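**Student:** Work out the full structure, taking the sequences as your base and the hints as a guide.
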Amino acid sequence: MSKYTVKFTDHGYKSLSKIAVSDSRRVLKKLKILESFSQSTKNIKKMKGTSSQLYRLRTGDIRVLFEKDKGNIWILEVGYRGSIY
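So the sequence shown is numbered by the working numbering: it starts at 30 and just counts up by one.
By construction, these hints were calculated from the structure, which means they are not laboratory data. Note that this is a predicted model, so its numbers are computed, not measured. Keep in mind that a hint or two might mislead.
Cut-off 30 Å, straight-line C-alpha distance, at most; resulting in silico cross-link-like pairs (DSS-like, lysine-lysine) [claimed, not checked]:
1. 75 x 43
2. 77 x 36
3. 59 x 74
4. 99 x 47
5. 59 x 32
6. 32 x 61
7. 61 x 47
8. 99 x 61
9. 77 x 43
10. 47 x 71
11. 97 x 47
12. 58 x 99
13. 77 x 99
14. 71 x 32
15. 99 x 71
16. 61 x 97
17. 74 x 99
18. 36 x 99
19. 75 x 61
20. 58 x 32
21. 47 x 77
22. 36 x 71
23. 61 x 77
24. 32 x 97
25. 43 x 97
26. 71 x 43
27. 58 x 75
28. 75 x 97
29. 61 x 71
30. 59 x 36
31. 47 x 32
32. 74 x 36
33. 59 x 97
34. 32 x 43
35. 71 x 97
36. 43 x 99
37. 43 x 59
38. 43 x 74
39. 36 x 58
40. 74 x 61
**Tutor:** Listed below in structure tokens is the structure:
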């Protein structure tokens, strides 16, 4: 049973479509992990300097920025390591 539902913001979906197809497939597989969100996963870290529930998921050289709220995980942005922050 999943604790969260993964949803994309408009910008999050658009940024996912801009990366290579093979990379986006890998990201989508990793997003399944987020449905049973556990901050103890080594590839998920809370972003420093923010008061909100902003996190990042690392998969290779791709980063996924997401926000956790009331049963939903909102994908805010997907991009390559050097350009996302």
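**Student:** Against each hint, give a clear statement of whether it holds in the structure.
**Tutor:** Comparing the hints with the structure gives:
1. 75 x 43: Judged against 30 Å, a Cα distance of about 23 Å means the pair holds.
2. 77 x 36: holds (23 Å)
3. 59 x 74: holds (14 Å)
4. 99 x 47: Distance of about 28 Å is within 30 Å: holds.
5. 59 x 32: Holds, at about 16 Å.
6. 32 x 61: Holds, because 11 Å separates the two Cα atoms, which is no more than 30 Å.
7. 61 x 47: holds (20 Å)
8. 99 x 61: holds (18 Å)
9. 77 x 43: Holds, because 25 Å separates the two Cα atoms, which is no more than 30 Å.
10. 47 x 71: holds (26 Å)
11. 97 x 47: holds (23 Å)
12. 58 x 99: Roughly 23 Å separates the two Cα atoms, so the pair holds.
13. 77 x 99: holds (21 Å)
14. 71 x 32: Roughly 19 Å between the alpha carbons, so the hint for residue 71 and residue 32 holds.
15. 99 x 71: It holds: about 23 Å lies between the C-alpha atoms, which stays within 30 Å.
16. 61 x 97: holds (15 Å)
17. 74 x 99: holds (19 Å)
18. 36 x 99: holds (12 Å)
19. 75 x 61: holds (18 Å)
20. 58 x 32: Holds - the C-alpha atoms of residue 32 and residue 58 are around 17 Å apart, at most 30 Å.
21. 47 x 77: Holds, at roughly 26 Å.
22. 36 x 71: holds (22 Å)
23. 61 x 77: holds (24 Å)
24. 32 x 97: Cα-Cα ~11 Å, so holds.
25. 43 x 97: holds (19 Å)
26. 71 x 43: Status holds; Cα separation ~26 Å.
27. 58 x 75: holds (20 Å)
28. 75 x 97: At roughly 10 Å apart (the allowed maximum being 30 Å), residue 97 and residue 75 satisfy the hint.
29. 61 x 71: holds (15 Å)
30. 59 x 36: Measuring from Cα to Cα gives roughly 14 Å; hence the hint holds.
31. 47 x 32: holds (29 Å)
32. 74 x 36: Satisfied, since the Cα-Cα distance of roughly 19 Å is no more than 30 Å.
33. 59 x 97: OK: residue 59 and residue 97 at ~16 Å, within 30 Å.
34. 32 x 43: Judged against 30 Å, a Cα distance of about 25 Å means the pair holds.
35. 71 x 97: holds (17 Å)
36. 43 x 99: holds (24 Å)
37. 43 x 59: Measuring from Cα to Cα gives roughly 18 Å; hence the hint holds.
38. 43 x 74: Satisfied, since the Cα-Cα distance of roughly 23 Å is no more than 30 Å.
39. 36 x 58: holds (14 Å)
40. 74 x 61: At roughly 16 Å apart (the allowed maximum being 30 Å), residue 61 and residue 74 satisfy the hint.
Violated hints for the displayed structure: none, as all numbered hints are satisfied.
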